[in-house]
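Asks: Let the sequences and hints guide you as you build the complete structure.
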Amino acid sequence: MLDGQWTSVSWEDLEDILCYRDDAPNYRQVKTIEEAGTRHSVASVCRPETAQKTAETSYLGKLFLGKPLPEGTRFTLIINEVPLRDLYEFAVERDRPRGSVSESTRNAVIERLSCLQLPDGRDVAWCVDRLDVLVVGRTIEDVERETLHRLAPHVGALLGTGPMYAEVEEVMARLVEGIARSARALRAQSVSRDTFQAALEDSVRKVTGRRSDGSTEPLMTLQEKLRPAGVSDVEAEAQHDAMLTFRRRRRASIGTRRQQLDDLADDVHALCTVTMAERRSGLIPPGPDAYQATILKVAQMPQVAERTYNLVDALATLSDITARCLNRYVDAS
Numbered sequence: 001m002l003d004g005q006w007t008s009v010s011w012e013d014l015e016d017i018l019c020y021r022d023d024a025p026n027y028r029q030v031k032t033i034e035e036a037g038t039r040h041s042v043a044s045v046c047r048p049e050t051a052q053k054t055a056e057t058s059y060l061g062k063l064f065l066g067k068p069l070p071e072g073t074r075f076t077l078i079i080n081e082v083p084l085r086d087l088y089e090f091a092v093e094r095d096r097p098r099g100s101v102s103e104s105t106r107n108a109v110i111e112r113l114s115c116l117q118l119p120d121g122r123d124v125a126w127c128v129d130r131l132d133v134l135v136v137g138r139t140i141e142d143v144e145r146e147t148l149h150r151l152a153p154h155v156g157a158l159l160g161t162g163p164m165y166a167e168v169e170e171v172m173a174r175l176v177e178g179i180a181r182s183a184r185a186l187r188a189q190s191v192s193r194d195t196f197q198a199a200l201e202d203s204v205r206k207v208t209g210r211r212s213d214g215s216t217e218p219l220m221t222l223q224e225k226l227r228p229a230g231v232s233d234v235e236a237e238a239q240h241d242a243m244l245t246f247r248r249r250r251r252a253s254i255g256t257r258r259q260q261l262d263d264l265a266d267d268v269h270a271l272c273t274v275t276m277a278e279r280r281s282g283l284i285p286p287g288p289d290a291y292q293a294t295i296l297k298v299a300q301m302p303q304v305a306e307r308t309y310n311l312v313d314a315l316a317t318l319s320d321i322t323a324r325c326l327n328r329y330v331d332a333s
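Numbering (our numbering), first residue to last: 1 to 333.
Simulated from the structure, these hints should not be mistaken for laboratory data.
Please note that a few of the clues may not be correct.
Unchecked claim - For lysine-lysine, the following DSSO-like pairs were computed, each having C-alpha atoms within a straight-line distance of at most 30 Å:
hint, residue 1, residue 2
1, K67, K53
2, K53, K31
3, K297, K206
4, K67, K31
5, K31, K62
Computed from a predicted structure; not experimentally measured.
Replies: Pasting the structure below:
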């Protein structure tokens, strides 16, 4: 969106993405294959989920159905492996128009999906003529590298100077967190270019302390926050490195593992809030005592004792929360 490609983006769920360019929708569906030697084909993307169901439950059936179909509509099936020859006829390069598809392959898709009842006076042939297959076989690391490359100029434009790699990486992490929350929401949320620009500006401000108007606000590093707790700079640096490693693993996690780490962050944040309340009420002295109390609460979590989470991840999550919050172990003077 920042480069002008899309007007808005929203998520129907974790696999279905809706991109608008002005008033023209591009319905995009992501389907990955993890098993070696398995490849998509016209037959597989038109096949119902089970023998008892109809083509409406197939990949393309779900992609075509249940959506407004105005002029300018496109459909994109995004896969992570090169498909068989018939489906490969629909393949496109990113941001490039699709080539022609043979009549036999086009008719094969239309015949397999002939039972679909589409809105707005459209038929299956109309949808097939607007279908693209985007083959994107990338790892998490590939995606991160490309994202950092795309973000860096926009971060630099806001700062008025070339950003440091660590700053762009932290901005990316904050944006990804926001996108993940939006994709998991109960109802689809649309992100416009303006709202994404605002999210970027907010992320840059929180990471660098510099606002878009050129003013600055004070930021405390993790090391500075741990110093009043009696943690040496050497130990604080080690915690900082462990925190960065954990953040990368958390961004790369998916499914159940990602949900577990999100739950861990919520649990640790709650313990931090309780300890902070106890400190402010005078039950726990500030500084080293507050730090020790927080560490013990995290280490003694039932989830850690039961090995739902390991202690390394729990302490790295504590460092992450400490780094992101204004203060934890003493109040600012």
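Asks: Identify every previously stated hint that the structure contradicts and give their numbers, smallest first.
Replies: none
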